[in-house]
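*Asks:* In the order they appear, the protein sequences are chains A and B.
So the first sequence is numbered by the UniProt record's numbering: it starts at 1 and just counts up by one.
So the second sequence is numbered by the UniProt record's numbering: it starts at 1 and just counts up by one.
It is possible that part of the hints are untrue.
Claimed, not checked - Under the rule of at most 20 Å between Cα atoms (straight-line distance), these lysine to aspartate or glutamate pairs were calculated in the EDC-like manner:
id, chain 1, residue 1, chain 2, residue 2
1, B, Lys86, A, Glu82
2, A, Lys78, B, Asp83
3, A, Lys211, B, Asp149
By construction, these hints were calculated from the structure, which means they are not laboratory data.
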Amino acid sequence: MKKKFWLPFIITLTLGTLVSAALRQESTQTPPAGYPIGGTVADFKLKNVDGNVISLSNYKDKKGVIVVFTSNHCPFSKAYEERIVGLDKKYAAQGFPVLAINSNDAGDYEENSFENMKKRAQEKGYSFPYLQDETQGVAKAFGATRTPHVFILRNDGGKFTVQYIGTIDDNYQDPAGVTKRYVEDAVSNILMGKPVVVTQTKAVGCAIGWKDA
Amino acid sequence: MIKSIGLLGAWLFFGHQLVQAQKVSVVKWKEIQDILSQSSDTTYIVNFWATWCKPCVAELPHFEEVQKNYKDRNVKVIMVSMDFAKDLTARVIPFVSQHQLTGKVWLLNEPDANNWIDKISTEWSGAIPATLIVNNQKKKKVFFEQKLDYDRLVKELSDFL
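Could you build all of it, start to finish, from the sequences and the hints given here?
*Replies:* The structure is reproduced here in structure tokens:
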């Protein structure tokens with residue numbers, strides 16, 4: 001008799017705990033924030049314009065990777081193409097290459113098709129992979145929202161951690177007018193074993209149009 | 001005579017529209033800041049767009065319509081183009097006149113966006129289209145980093161009027 005009296009309370013308590021746990025989980029799932037500064041990046045595999053599949057783990061022997069979410073159609077991306085090539089030229093030899101990713105839906109802008117990506121990489125002499133993120137899963141994992149959107153990853157013994165998120169420099173219109181070189185400053189500091197000073201910046205960019213939105 | 005007056009009238013009418021449509025001011029951050037810090041009971045809709053941005057161009061007519069339908073209700077729409085300043089005469093002005101935009105169009109020539117994006121909204125990643133609705137007297141402000149349509153704009157505006 002005594003046991004039965006307690007039963008509803010126990011059930012209520014158990015259900016309540018379960019429901020609140022479920023609610024908590026839901027609230028931490030939204031919004032999709034992407035990796036924070038210091039966060040560890042999950043390995044990914046994407047198709048390169050040369051037909052090979054590239055994964056982040058291919059870079060295990062590098063000091064880090066400059067991941068650039070970019071696109072063919074976006075004027076901000078176009079304005080930065082040569083500067084991105086310049087970054088790879090400067091840092092690949094020091095073990096810190098560029099990895100460019102296009103997560104845009106070719107259905108939105110035909111310019112972003114795989115064929116057009118191949119052409120652009122050739123025309124602009126990309127010395128680094130230009131990967132197609134067809135499912136947009138990599139952009140979502142990173143929390144990339146626009147192009148260009150840079151994530152600097154440091155190799156911490158085979159584990160890649162995010163050290164910088166943001167823009168390349170402070171003047172998209174005119175490379176000659178640049179006064180702050182955020183990406184160069186960050187990579188230089190990492191190469192010297194120093195912490196990155198400015199870890200996050202913002203820039204106006206073309207929104208990555210989500211296929212499921 | 002009547003015919004020529006008619007022609008003159010047509011010329012004045014369309015010519016006037018054309019002049020109105022072609023007006024694009026190149027502004028610096030200060031002009032935006034003035035809007036953000038004004039104290040009158042005016043609701044400002046500030047939309048960030050660009051001529052080459054498809055979702056931005058798709059929503060332009062909705063902002064035009066809001067501007068026309070709400071002009072007597074202290075609502076002002078400002079379309080802030082993020083096109084490059086060098087493209088003003090070759091691209092932005094022809095676009096604005098082709099699309100017959102009659103509202104206020106600014107071209108914000110302030111390339112160090114990291115300095116001002118958070119002042120629009122800390123929620124803004126920098127992607128466009130983006131829209132801010134603000135009324136300082138009512139101490140109300142909402143921000144959207146997404147496409148909006150007429151119904152949504154009207155719904156959001158109802159909280160401000």
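*Asks:* Each hint: holds or not?
*Replies:* Taking the hints in turn, this is what the structure says about them:
At most 20 Å may separate the alpha-carbon atoms for a hinted pair to count; B/Lys86 and A/Glu82 meet this at roughly 18 Å. Using a Cα cut-off of 20 Å, the hinted pair A/Lys78 and B/Asp83 holds, with the two alpha carbons roughly 13 Å apart. A threshold of 20 Å between alpha carbons decides the hint, and for A/Lys211 with B/Asp149 the separation of about 19 Å falls inside it, so the pair holds.
Hint violations for this structure: none, all hints satisfied.
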